[in-house]
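Undergrad: Letter by letter, the chains look like this.
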Amino acid sequence: MSTETSQPNPARGTPSDAAEGMSVVARTQGQIIRRRFFRHRAAIGGMITLGAVIILAYSSIGFGPFPGWWDKTYYSTASVVDGGRPTLSLLPSFLGGKGLRWGEHPFGQDNVGIDYFALVMRGTQQSLVVAFLIGIVSTAIGASVGATAGFFRGRTEAVLMRATDVIIAIPTLIFAAILAAAAGRAGIVALGLAIGAVTWTGLARLVRGEFLSLREKEFVEAARAAGTKSRRIIFKHIMPNTVGVIIVSATLAIAGGILLETALSYLGLGVRAPDVSLGSLISLYETAMPTRPWLFWWPGIFIVAIALSVNFIGDGLRDAFDPRQTRVRD
Amino acid sequence: MTIPSDPSMPSEPSKEAKMSDRPEARERARHVEHPVNDAPGRPQLAHHLDEVKPPSTEEILRVEGLTVNFPTDDGVVQAVRGVSYAVREREVLGIVGESGSGKSVSSMAVMGLLPKSARISGKIIYRGNDVLKMSPKEQRSLRGRKIGMIFQDPMTALNPVYTIGDQLAEAVLSHETVPRKHAMSRAEEMLALVGIPQPKQRLRSYPHEFSGGMRQRAMIAMAVINNPDVIIADEPTTALDVTVQAQILEKLLEVKDEVNSAIILITHDLGVVAGTAHRVLVMYAGKPVEVGETDEVFYRTRMPYTAGLLGSIPALETASGERLRPIKGTPPSLINLPPGCPFSPRCPLATDVCIESEPPLAATDALDHLAACHHWDQLAESDDPTVFFRAESEVGR
Amino acid sequence: MAVFMARRLVISIFTLLAASFIVFWGTSIAGDPMADLRGLQDEGQAQQQMMARRERMNLDVPVILRYFLWLGDLFTGDLGVNKFGQSVSGILAPAVSATLQLVIAATVLAIVLGVTIGIVSALRQYSGFDYTLTFAAFLFFSLPVFWVAVMLKQFGAIKFNDWLRDPTIPLPVILVFAVLSGLAWMAIAGGSRQRRLTALGVAFVATAGLLWTLSETGWFSDPGLGVIAVLVLAFGSAAGVTFLIAGFRHRPPLFAALATAAVGFVFYLASEPILEEPNWGLIFLLALVAIAVGLGIGYLLGGLQRRQAMAVGAVTAILVGGIIFVDYMLQSYGDYYGRVRGRPISTIGASTPNFRGGFWESGLDSAGHLILPTMALLLISFATYTRYTRASMLEVMNQDYVRTARSKGLTERTTVTKHAFRNALIPVTTLMAFDFGAVIGGAVITERVFGWQGMGFMFIKGLQDVDPPPVMAFFLIAGGSIVVFNMLADIAYAYLDPRIRVS
Ligand SMILES: Nc1ncnc2c1ncn2[C@@H]1O[C@H](COP(=O)(O)OP(=O)(O)OP(=O)(O)O)[C@@H](O)[C@H]1O
Ligand code: SF4
Ligand SMILES: [Mg+2]
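Residue numbers (numbering that gives the first Met the number 0), protein chains in the order written: chain A, 0 to 329; chain B, 0 to 396; chain C, 0 to 502.
Excised from the complex, chain A in its bound form (with noise of 0.2 Å):
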């Protein structure tokens, strides 16, 4: 016989669109996509799990003006107990562990004996504004760029579409590093504007296509026969279709975001000394890798750990959008 394809054939519909068509309770469209977002398993997981890390970044050390929990700072040093080692120890007495301990420094500390935790929850702080920054800018330049040429068509598409393929042309490491190399040294802030200034060409071909696809449905041919405004046309009708797409995008945007930022940092064109991130702590201390690799894998783990939960969440955010799209790391 046939080998398997057990996915329903979308051409049939699905059985679960047949069962909900047939149900008596519609359910909105919010309530069908809430529902499918949080069946993937995964992506609960990857919530829950960002959640933590950013509470504990945040709440540990503090931010601002406000104070953190955790007593030592990410710049003072002190005297180095133990070689540096790590005092965390997650291993209960009985299974021949040390117990479950937090203890004086939970990650080790760092040559010059600085709590390599506080310092380590310095770089996700800034990685994570770095990484939130990128998704925010490059989904808004790509999102009206996508739309702006979808919408408008002719002249104003074909410009839009060139400059496009012009930074296409770069690779975004090469470009996001050029700009880094300038941008870096005026703060983070600019630093996140300057990436997501140069990773938001997928997702303006992305939107595109889909106003190309929308601006020939029906309902927009009756709005603009009806003499409504582009502008309105655009908010109100086409908008709203798209919203699945830009928000799934945006997710990976930050993923890919935090991942660039942190390779850039590595190579020393991202975040700069004094301050840290998570990737220019690997930097600094990948040399140590062979006598105290502590201090080379807790920022990784971080860094896998975000971008890993951003992932997931995103996949799930696709499923509940839309079941059938795929998906390519840019």
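Simulated from the structure, these hints should not be mistaken for lab results. We put the CB at the ideal spot given by N, CA and C, even for glycine. Please note that a few of the clues may not be correct.
Claimed, not checked - Lysine-lysine pairs mimicking PhoX-like chemistry, simulated, CA-CA at most 25 Å apart:
1) C:K417 / B:K115
2) B:K136 / B:K115
3) C:K417 / B:K180
Said to hold, decoys possible - If you want the footprint, here are the derived chain A segments under chain C, 3+ residues with CB under 8 Å:
4) 171-181
5) 251-261
6) 274-286
As the list claims (entries may be wrong) - Restraint-style ranges between C-beta atoms, simulated for each label pair:
7) A:I54 / C:A17: 55 to 63 Å
8) A:R223 / C:V2: 55 to 63 Å
9) B:D72 / C:S270: 31 to 39 Å
10) B:K52 / C:S191: 41 to 49 Å
11) A:T290 / C:A5: 54 to 62 Å
12) C:I157 / A:S78: 24 to 32 Å
13) B:K132 / C:R7: 55 to 63 Å
14) C:R7 / B:D72: 39 to 47 Å
15) C:M33 / A:F65: 54 to 62 Å
16) B:G211 / C:A5: 29 to 37 Å
17) B:K132 / C:V2: 57 to 65 Å
18) B:S134 / C:T212: 54 to 62 Å
19) B:D72 / A:G50: 24 to 32 Å
20) B:S356 / C:S191: 35 to 43 Å
For chain A, the structure is supplied; the task is to place chains B and C with the ligands on it using the hints.
TA: Frame of chain A; chains B and C with the ligands shown alone:
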């Protein structure tokens, strides 16, 4: 559930006899038949059933109590709930029904093309052997060799990256060990048979270089290239424009005689069935609800759903000048079907018994005319079964 | 088609020019090109050097003009000098080949592995294999390349080289690998329970047996294939190729494959004089001869399945050639191992400094330097290719024409390898074009981790020095190779999809 003892036995009373039996039916027949075949937008068949070779008595394929379930996240979809029929050599069996009634799923089960998740039971007997009990290898050797299939959408049913000739020859080569050249010349013959000009050159064309009608012809050629006993045509003309529809149907009938095969013609277009099928099986919610000779089913309808279908042919004016109305409502969900007649929520004749128990497919007043309806006799008493739908829609207004 | 490609090329070149201006401008404003001179003790000397540099970099004219000056020089074939006055083309030449080797190796491997695994994953949707791969892909999407590269350096090189001193594999490790391989093969085999359990058992025993033998015989301290292994591998690949391309229903393709493998083996036995000290030209020539022989054998033995037999013959010939190539390279492993003092996997640079050796030894040397950076780079694309191919394959398997293929009574193998596979590759070609840029970006990072003095190094240094000419040279090579890769992707696309050939 009652399975008819043998729905396939040739019916004895001739058409003439039936007609003269009931003058009023004959009267109405003029009203219905002409509209069905002459209504604007209907394919004009030059090549009528009367002109093709009659079916023989040799039974080729018999389906008994076929059920297909799909387990899904939301429950088990009962796509087919007990379908039985048989076809004989050169016979055309029409299967009609609304979208989602299980027509495709039941024929895909015969082809062995359902996804692995499908749970199939019942019997599919090809020349005395149960297909469902065969090894995958034996099943494969039936597919495309003994049972050919034509699909609905010719635009997507051909592989865009291989030439027509390659795709046709492949059908031969997968069952016979012959030189490629030989298979290619068979392909060329078949293209000529289905009426594609310059077949030799066309072998080298890609599907995108063909028009929709030509692609469907190529599909027919592909389905019959191994002289199958049965051709399953799943809505072969739905995606085509009207003039092409007629040509394709005609070609199909012509080819059938050429290779002596039976045809199972699936459609939701009654006009297509009227001109081409010897017998008709009407499906609703995964079950046959009316089976019989085409004329019987059309002129002496014994099931309100069929009547509704007849009534819903668009732009059709009846003798009294009333406009016919489509059946209201939608078919039931195939998950958790309620007890009772599945058509009852939409049926103008429904009574309490309909809601309580599902009517079996049982004999009606005419031999071999089976219907699944508690109140088929009410239809028998009325002149024009579609009248119930008209009345209802007028009340609704 | 040619017109279409030419048009694309012209557009690409203009796009590249526009992009090059952005790069030039971005680099020029990246900071202060004099930074390194400002701290100098000797004020006078600093002044003097600043003057010279200002002159050399045309700092007195606006950036736009500087760009056009650079562009003008470029058209005369001059890449200019960096801010210290060294000729850029001089720095570029040794950097290019190492970096391109790295990038191309990583891309080709990512495509081959990613597409293969993506297809298997799609065909076995919802199996343990599929779920594991899906999770792995998400993990790969989330791993920072530089972090993994550092890990590879630690475990893949330093620890691995240490292990090579006494290369035995502990029993528990063997068992873990055997179980993993068993589970993977079980999922890949699919089908009935019995079939899957057989796959599990066979894979477990084979893996455990192989690892145990390799460990016990100390194979890792002097890896090599030898006559027996070459024989087994040659005939094994003959069978595998036949299965994939033609199936076993008809005999001729199988005979062609086996005959090709036999001819290859005979050649191997007699090849010593030719392959003792070859060069790349000879290897290339031999590859062509191998293909011709494979095609010829297929033609002669093909019978009614001549087309398939020829394809089978040619592919088998290439594979057998590859096996022989690897065997020869491993033959010189012993010498090489001694010369690098027992540390064959390198952590720094693109080749051992001052290493002089024959064809096979320097081949091993490059391989030892390439392997880890390639693995790190693979990470970037591999997951993308798997996910993309998987999605594409799933979509294609649901297409009507695949159903049509089945309805003709084709075997599942033919349906997948002929009808689904080729269609599934079409969207992958667009990814190819797109992905190459990301790999070049990744190469900048990997080169830094592994201390290569390649193009990535040149780029970073140029950027940090606020020195446009080296950055521009990097961009020209990178952008140019992206354009070339795009054209290859276009050609592949046109080959796969007849619908665009006409336009
Ligand atoms: N793989 C599947 N999994 C779950 N449900 C399925 C699957 N395939 C079909 N169905 C369901 O089976 C029912 C019957 O489908 P089928 O395709 O046979 O309808 P049809 O009568 O051919 O309709 P149409 O006229 O639209 O072709 C539908 O409700 C459909 O949703
Ligand atoms: S059984 Fe009742 S509900 Fe069903 S079709 Fe007959 S009359 Fe209508
Ligand atoms: Mg159907």
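Undergrad: Of all the hints given earlier, name the ones this structure violates by number, lowest first.
TA: 7, 8, 9, 15 and 18
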